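Here the protein sequences line up with chains A and B, keeping their order. Under the numbering used here, the first residue of the first sequence is numbered 1, with each subsequent residue one higher. Under the numbering used here, the first residue of the second sequence is numbered 1, with each subsequent residue one higher.
Honestly, I wouldn't trust all of these hints.
[Stated by the list, open to error] With the Cβ distance kept under 8 Å, some of the chain A side facing chain B (calculated, not the full set): (1) 89; (2) 91; (3) 123; (4) 124; (5) 144; (6) 146; (7) 147; (8) 148.
[Claimed, not checked] Listed below are several chain A residues computed to face chain B (Cβ distance under 8 Å; list not exhaustive): (9) 23; (10) 114; (11) 121; (12) 127; (13) 130; (14) 141; (15) 142; (16) 145.
Worth flagging that the hints you see were computed from the coordinates, not collected in a lab. Here the structure is a predicted model, which is why all the values come from computation and not from measurement. Ideal Cβ positions, reconstructed from N, Cα and C, are used throughout, including at glycine.
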Amino acid sequence: MTRCYFMIAVVALSALAAPVIAKGTYQEPDAFVAETFGGDPPEPSMLWIRKSMQRDIMDIMDRKLKTLRLRYWTRDGRYAYILEEVGKEKPITVGLVVREGEMEKIQILVFREVRGWEVRHPFFTDQFKGVKLDHKLRLDEKIDGISGATLSVRAVTKLARLSLYLFQHCAELNAEKS
Amino acid sequence: MFRDQKARIVAIFWVTISFIVLCNVNGQGVVPSNADMWKIIQQQQEEIRALKEKLNMVEKDVAITGEMIEQVAEQPGGLAEGGPSWADKTSIGGYGELHYNELTGKNGGSDLNRVDFHRFVLYYGHQFTDRIRFFSEFELEHALTEDTADGSGAGEVELEQAYVEMDLGDLQLHAVKAGVFLIPVGILNETHEPPTFYGTERNNVESRIIPSTWWEAGLALSGEVVPGLNYDLAYTSGLQVPSSYTIRSGRQKVANATAEDGAYSGRLKWSIPGLELAGTVHYQTDLTQRSLARDSDGLLLEGHVIWELGQFKLKALYAQWDLDSSITGTGSDLDNGKDDQFGWYIEPSFKITENIGIFARFSQWDENAGGRVNSSGGSVDTEKEQFDIGVNWWPHENVVLKLDYQNQYIHSEAGGEQDGFNFGVGYQF
């Protein structure tokens with residue numbers, strides 16, 4: 001009889017399951033960029049990662065960036081980035097939009113980890129809206145963690161800091177050009 | 001390439017001009033007509049246009065080559081290997097903790113001055129495909145194992161986890177796993193890396209009532225019901241309690257374990273930023289595995305909350321076992337009150353800085369709550385209490401140093417007290 005109840009519980013919970021993907025690709029990076037710029041994405045720009053930047057990046061990410069330069073998209077003061085960071089074992093791909101030094105939007109695009117996928121929900125990512133970087137390259141507001149998703153939370157928070165830091169350099173570069 | 005072409009044009013241009021000038025100056029050559037000059041200019045314009053096109057192509061090629069170089073640089077084995085290698089799909093990790101206890105015995109309790117590398121753990125995982133993976137946890141406890149005839153060696157080598165997990169369905173909302181895994185109960189049982197909790201030693205409620213670390217062999221299904229609400233269901237091997245009906249002593253650790261009676265576990269966990277609410281029901285039809293004259297079913301109920309507000313965090317947990325009342329009665333081996341066992345704790349903590357946190361914890365537990373009598377027939381106070389206060393310092397997010405003070409209240413007939421300091425260092429990677 002107990003086995004019967006067990007099976008009923010399994011079936012009932014499965015039937016209740018929400019129709020969203022737990023792991024995998026939630027949105028293609030290109031689609032994120034297009035959506036960010038109203039369906040008409042600008043040509044990508046490149047930011048060369050200088051040696052002096054790597055020191056700050058080391059402070060933020062606890063590691064250096066492997067890439068020599070970073071692609072970003074900008075128009076009308078909005079800067080979009082597609083960045084990746086490992087949670088526990090696998091990289092989490094995140095789309096980030098910064099405007100005037102404030103985080104405008106964070107969206108988890110691809111989640112490959114076995115656990116911690118709760119970070120993809122708006123109840124987590126909405127916390128970053130309006131967050132800025134302080135002079136110590138830390139977020140100026142506390143981000144509440146999710147129990148059981150600590151490493152994913154940590155990875156996304158690092159990427160938020162990184163995008164805000166990159167924004168400072170991209171904006172400076174664009175100001176020089178204009 | 002461009003530089004050569006450009007130099008070529010410049011050279012042609014100047015040679016032509018020089019030729020014209022020289023012809024005029026010396027009066028020895030023929031001055032080209034306007035039509036010839038126009039033709040020359042047109043030819044040069046055409047050559048410049050062609051070179052500009054080439055320049056654009058070269059710039060694009062350079063950009064593509066740069067991206068390819070970056071891709072090759074980012075892949076450990078390079079593009080030649082044609083995909084992720086075995087090493088890319090295999091991961092290792094681990095944690096460890098060294099403890100020092102300086103405790104004074106009271107009320108019949110014994111002194112404890114001990115240093116112990118309590119746990120040295122290595123994780124190994126392998127991703128067979130995007131949907132199928134293996135995970136394991138291999139542990140050396142107390143730094144040393146030795147093969148003694150009576151099994152009195154100081155430590156243990158344990159295989160606490162070794163399972164294969166597979167995602168189900170196109171949406172990958174659910175996963176099924178088979179093998180040896182941790183029972184989904186409590187706060188510490190599944191997440192017990194030292195930097196994740198306060199206090200050098202694990203709390204007694206999640207040691208004596210929930211016998212953490214508690215692992216069994218079996219099948220489990222887990223997944224997400226709605227955003228933030230997760231479930232776990234498991235059918236596993238069970239405990240085999242000795243005649244004292246002590247839960248912690250009933251762990252068989254999947255080592256040639258008796259499998260007469262299995263156990264069912266179900267957990268619902270609701271997690272949103274700053275809040276976790278969870279409850280577990282665990283049931284086993286016979287905790288003795290039919291090895292004792294008086295068998296007993298066992299029902300474990302557990303609930304906990306983790307609440308975070310700014311730098312403040314509160315953890316609270318309650319757990320209780322309900323065993324068959326027939327195990328308590330009259331007789332020399334009975335009056336133990338083990339038919340009812342419970343415990344709870346509450347732990348507020350505060351992060352003073354990003355790297356330093358302080359905590360206090362009050363815990364109460366009773367493994368004989370059904371009522372125990374002594375040899376003269378009097379009832380024994382078996383309720384145990386402990387108050388802890390301490391500090392954690394994280395020099396790195398994955399490294400922690402801990403110092404805490406514990407004060408117990410335990411009746412002499414229930415084992416006595418141990419009060420004093422604990423110091424620990426731990427890490428995870």
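* To do: Could you tell me which of the numbered hints above are not met by this structure, giving the numbers in increasing order?
  => Violated hints: 2, 13, 14; rest satisfied.
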